[in-house]
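Chain by chain, the residues run as shown.
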Amino acid sequence: MSTFVRGCCRAYRRIARAFPHQYRAICGDGLEQLGEDLVPRVWQQQGVVGLIRLFGDLALRLPCEHVSTWADRLREATMADDVFEGTWRARQSEPSVWKVDDRPAPQQAYLRFEPTDTGYLMVAYGVVNGQACAERPQMIIADGRRRPLLDLSGRPVPGLPAGAMTFGSRPDPQTLELRSEVDGQVLGAGRYEVSADGKTLTVTNKGSGPKGSFEVVMVLERVVRDPYRA
Amino acid sequence: MPKPKPDAFLPLKSNWFHILICLVEGDQHGYGIQQDVLERSGGKVRLWPATLYGSLKRLIEKGLIAESGERPAPELDDARRRYYKLTPLGRQVLDLESQRLEDLVRVLDARRRREARS
Numbered sequence: 001m002s003t004f005v006r007g008c009c010r011a012y013r014r015i016a017r018a019f020p021h022q023y024r025a026i027c028g029d030g031l032e033q034l035g036e037d038l039v040p041r042v043w044q045q046q047g048v049v050g051l052i053r054l055f056g057d058l059a060l061r062l063p064c065e066h067v068s069t070w071a072d073r074l075r076e077a078t079m080a081d082d083v084f085e086g087t088w089r090a091r092q093s094e095p096s097v098w099k100v101d102d103r104p105a106p107q108q109a110y111l112r113f114e115p116t117d118t119g120y121l122m123v124a125y126g127v128v129n130g131q132a133c134a135e136r137p138q139m140i141i142a143d144g145r146r147r148p149l150l151d152l153s154g155r156p157v158p159g160l161p162a163g164a165m166t167f168g169s170r171p172d173p174q175t176l177e178l179r180s181e182v183d184g185q186v187l188g189a190g191r192y193e194v195s196a197d198g199k200t201l202t203v204t205n206k207g208s209g210p211k212g213s214f215e216v217v218m219v220l221e222r223v224v225r226d227p228y229r230a
Numbered sequence: 001m002p003k004p005k006p007d008a009f010l011p012l013k014s015n016w017f018h019i020l021i022c023l024v025e026g027d028q029h030g031y032g033i034q035q036d037v038l039e040r041s042g043g044k045v046r047l048w049p050a051t052l053y054g055s056l057k058r059l060i061e062k063g064l065i066a067e068s069g070e071r072p073a074p075e076l077d078d079a080r081r082r083y084y085k086l087t088p089l090g091r092q093v094l095d096l097e098s099q100r101l102e103d104l105v106r107v108l109d110a111r112r113r114r115e116a117r118s
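Taken in order, these protein sequences are the chains called F and W. Sequential numbering from 1 applies to the first sequence in the numbering used here. Sequential numbering from 1 applies to the second sequence in the numbering used here.
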């Protein structure tokens, strides 16, 4: 390989490394590698014209990719945050109601809301009697339509009577309501209300299960807004 | 974020179409895609590296392709290479685009036949 071609390879590598991190994270060192592989071949087959095209492609894409990265960042920064998304932790200082026959109040309680294509995936977990525990994840589709109460795999939920139905609604942007019933009898009614400043979530859950009636009122504070952001 | 509908990508950009075609037969790395496009187009379409990887990045972001976890046998593999595969959405988009082009060709053929008859 001639000194000129080696110099071209070096120059290509340097310019390729000036591409934004976002671009390099997806493409790895593929751009550098492919460019270096092509320089000798293009020089041999197309001469100076080929090299001009090869470097021209790099020179044109470089500013475009930087502009695109900045545009993405700007879009992310101006994107409205979802009021429910993130993890919420029960406040120990706030008064709460916990009247559940078969279970003691948790020492720590968390709720996690993840937006999905259709609504929210809600996961409740915490520490009860010094042991970590988690509830069955639930989908909240707040469109007011009645659906069979199934687990995430589409199977009936163990312990619930056959034919149980659920429906979610969103009376206002800060509130979600979830209700489940069977044959007109209410099994549970949950209300999730985010405060106006978006910092606290008040959960009210009432109903009657196989082991008796229950009532839970809890105030939670936001601990993580979006897990994909620093 | 709502899932994009496959027909929202139509008409497909020419570079994207070429790349998706390359991935129909199986996973492929950047250099392989470039060579495949060059050969298939009889040397007429050359995806220069920055353009190729820019397109791959956008196709990944749009969910039409994904990085493949499968790799060839170690003796045939180059650890530095990244392999890409078609996603189900990418396959749907490719099918719709092929259908769209077929329809256009059919319309053109019909007009030519009519013109020849008159």
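Worth flagging that the hints you see were computed from the coordinates, not collected in a lab. Ideal placement from N, C-alpha and C gives every residue a C-beta, glycine not left out. Take the hints with a grain of salt, since some may be wrong.
Here are the simulated distance ranges between beta carbons [to be verified]:
(1) Gln45/F with Leu108/W: 45 to 51 angstroms
(2) Val123/F with Gly42/W: 34 to 40 angstroms
(3) Glu67/W with Thr118/F: 48 to 54 angstroms
(4) Val107/W with Gln45/F: 27 to 33 angstroms
(5) Asp78/W with Gln22/F: 21 to 27 angstroms
(6) Glu39/W with Leu121/F: 41 to 47 angstroms
(7) Arg80/W with Arg73/F: 48 to 54 angstroms
(8) Ala134/F with Glu39/W: 51 to 57 angstroms
(9) Asp29/F with Arg112/W: 33 to 39 angstroms
Partial list, computed: chain W residues near chain F (C-beta under 8 angstroms) [claimed, not checked]:
(10) Val37
(11) Leu38
(12) Trp48
Cross-check of the supplied hints:
1. A beta carbon spacing of about 35 angstroms between Gln45/F and Leu108/W contradicts the range 45 to 51 angstroms that was offered as a hint.
2. Taking 34 to 40 angstroms as the suggested C-beta distance range, the pair Val123/F and Gly42/W does not conform, at roughly 55 angstroms.
3. A hinted range of 48 to 54 angstroms for the beta carbons of Glu67/W and Thr118/F is inconsistent with their spacing of about 27 angstroms.
4. Range check, Val107/W to Gln45/F: about 39 angstroms between beta-carbon atoms, so the 27 to 33 angstroms window is missed.
5. Taking the beta carbon of each, Asp78/W and Gln22/F are about 24 angstroms apart, inside 21 to 27 angstroms as hinted.
6. At roughly 46 angstroms, the beta-carbon separation of Glu39/W and Leu121/F lies within the given 41 to 47 angstroms, and the hint holds.
7. Under the hint 48 to 54 angstroms, the C-beta atoms of Arg80/W and Arg73/F, about 28 angstroms apart, miss the expected range.
8. Hint check: Ala134/F to Glu39/W, Cβ distance near 53 angstroms, so the stated range 51 to 57 angstroms holds.
9. Separated by about 49 angstroms at the C-beta atoms, Asp29/F and Arg112/W break the suggested range of 33 to 39 angstroms.
10. For Val37/W, the suggested interface contact is broken, since its CB lies about 13 angstroms from the closest CB of chain F, more than 8 angstroms.
11. Hint status for Leu38/W relative to chain F: violated, with the closest Cβ pair at about 11 angstroms, above 8 angstroms.
12. With a cut of 8 angstroms, the hint placing Trp48/W at the interface with chain F holds, because the nearest CB-to-CB distance is about 4 angstroms.
When each numbered hint is compared with the structure, violations occur for hints 1, 2, 3, 4, 7, 9, 10 and 11.
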